[in-house]
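Undergrad: Please take these sequences and the hints and turn them into a complete structure.
Top line first, the protein sequences correspond to chains W and B.
Here the numbering used here is used: the first residue of the first sequence is 1, the next is one more, and so on.
Here the numbering used here is used: the first residue of the second sequence is 1001, the next is one more, and so on.
Since no wrong hints were added, every one of them can be taken at face value.
The calculated DSS-like cross-link candidates involving lysine-lysine, where the alpha carbons are at most 30 Å apart (straight line), are: (1) B:Lys1204 <-> W:Lys373; (2) B:Lys1027 <-> B:Lys1055; (3) B:Lys1027 <-> W:Lys185; (4) W:Lys289 <-> B:Lys1055.
Label-pair ranges, simulated between beta-carbon atoms: (5) W:Glu392 <-> B:Met1080: 18 to 24 Å; (6) B:Asn1219 <-> W:Glu37: 33 to 39 Å; (7) B:Gly1088 <-> W:Asp128: 37 to 43 Å; (8) W:Ile114 <-> B:Thr1257: 24 to 30 Å; (9) B:Lys1055 <-> W:Gly191: 34 to 40 Å.
To give a feel for the contact side, a few chain B residues facing chain W, derived at Cβ under 7 Å: (10) Ser1200; (11) Tyr1202; (12) Leu1210; (13) Leu1220.
Hints were generated in silico from the structure; no laboratory data involved.
Every residue gets a Cβ at the ideal spot worked out from N, C-alpha and C, and that includes glycine.
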Amino acid sequence: MTRRLLTGNSAAAWGARLARVDYIPAFPITPQTEIIEDLAAWIDRGEMEARLVTLESEHSMITAAGAAASSGVRAFTATSSQGLLYGMEMVYTVAGWRTPFVMVNVSRGLASPITLESDHNDIMAARDSGFLQIHCATCQEIVDSILIAYRLAEHPDVRMPAIVNLDGFYLSFTREPVDLANASKAQAFVGEYDPENLQFRGNSPLSQAMAVLGGGPYSYFRYEAHLAVQQALTVYEEISDEFDDIFGRRYDMIDCYHMDDAEYVFVMLGSFSTKARDAVDSLRAAGWKTGLLRPRLFRPFPRQRIRQLLQGRRAVGVIDQNISMGMGGVLHSEFATALYGLKDAPLLGSYIGGLGGRDINQQEFFAMADELKHAYDSGELLPPRLLYTQKELTEMRKLQAIAQAEHAEIHQT
Amino acid sequence: MFRIRFHGRGGQGMKTASRILGTAFFKAGYEVQDAPRYGAERRGAPIFAYVRADKSAINERGIISHPNLVVIADDTLVGMPAAGVTLGVDAHTVLLINSHESGSTWRQRLNIDAVILTLAAREDTEDRATLPFIGSRCAAAAAALTEVISRDVLVEALCEELGHLSEDIVAQNRNIALGEFDDMARHAGLVKQSGLPSASEYVKPDWIELPFENAEISNLAIHAGVTSVEVRTGLWRTMRPVINYENCSGCAWICSTYCPDGAINVRTDGYRRSITNIARVAWSVSLNVHPMRSSRFQNTSPVLRKPEKRYDA
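TA: Structure representation (structure tokens):
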């Protein structure tokens, strides 16, 4: 085992390299750019056999990735935040082509206001596109998830593109020890890409029928895509078992921490969940039976497994690093849907935090556990909470005082 | 776990310092996490980087809010709230400042309980922030203070992280780093590890219900101009530009075109300009060497005009 320190971005580049991708359409955006810089440097030095092309936008980049996969080559690309949104038309479109490739999204909050720091509203915007979604919590998981994602995306029962998501800054620019898979083992695991009947060729132009008339045919294709994404649940289990056999690292579709006897459970996606692990440890040391449930696979959504895991628990705090304006946390809604009608379902609390890189500190986890317990003991409903402190509001007021002073000045002149 | 923060200015090598220390810990058998925070992403702007090291896997993430060691490469950052140098510093923290002034002076000035050390000055440099190889020095000093990193491991880590530079530069960094390491050896072990916060006794977060405020208050309105007075965006100024009036031809537009927005105003006499808010504007152009003093502009006769008002009541 040779471990080395890698940033999340380098880990992502290594994932693409170990998967022996052929074609990388690229467009830069913070905090993703290091991924394509690493790949470009390797290709330039002849250490990696692939073609990297910089496109004029994410819209073109995602089109190129889909088109390349349709022509039978293994494609990889990466983006973030505004870039993902700019390419969103093609995110939905290429998923409909049923072309398997892997795109890394480095999560970053969306404008407005603009920020470089991380939250999950960007990746949530791709939720309903047909792309499979794997969310990573560590740099190690990034490399491994990219290998798994190719297998999953290219599986004949699935054949859909996949997004591997990692958090900006908290993973993208953070070095952690990573055990890189042996190149030939990785190659054997990922295998050759079989494009089946995807037959785009430059020398024999054909039209891939893209338009339908009427709701019947339209619904057929949309339903089939949905069913294919659902198939990925079964396929994922086989692939993750195989990965474990070969590399000795286990990636269940749901990462469970101290769930065996947990009465109070945190639910989170992504790298902030490791903070929740610390909180679970500290709370257990203080005599609380707490646990953490982290979906790695977000699309398809492992609904049945979640019902099994949460039945009989006292209360669950879903911590969303996203906000659906006028509704609340997306993950919370999905868990509420998953648990609806379940006998002995736990109380479900909603917390929104970590927007634009805002920290969620240990004391906040402790206080959440406290609220969950109080709700269980008293039987009172938990109102959703937007994590925000008096100190943060005070700082905000200082900024507003400046803005208001200016406002006054302008109106005087 | 060791929790260490490096503060400096963009260009001083704080990211490199964190990587050297991170790699050294890793080679010494520790689990490691290191990361930079780029801040304003400009040379001279405050930046920090951090290193966590522990014998078991590290779950903690993001900014270190309770550091065991804070290394400050540039002492002008200490008084700058936005740089956040003293964030979470308490009696268990060691502060290492690159400063001419003594640790006790800093302790009085900051009125904090922390142990404060200073990097030894070996060169008669007026501005210690410009000391060469400051990143390697900071990394080496930090390594010595933890006592768990040997000289050899430090050198190995340094060579790995600086391997892309010329042999000569690496050798110079190595020598200076080792000098610093040996110098700090008398304080070896001063920096201690700390554990996780307790869940049985903790200060509750001061959570509030965020009140609804209508758009007149809560929209993103920024009305230009005056923010440069109220918000000190010039934290990263390293040079102060001045107007050389002898060289000013009174054209009224070339310098204002090439200077940051709002920096140049026309004076009431209509011919000469003053620099407003200049202390707060990032700028490296010296007006003594006029960037546009070329033949291309010799024959133009710009019309003297006042800057347009950007907004009216």
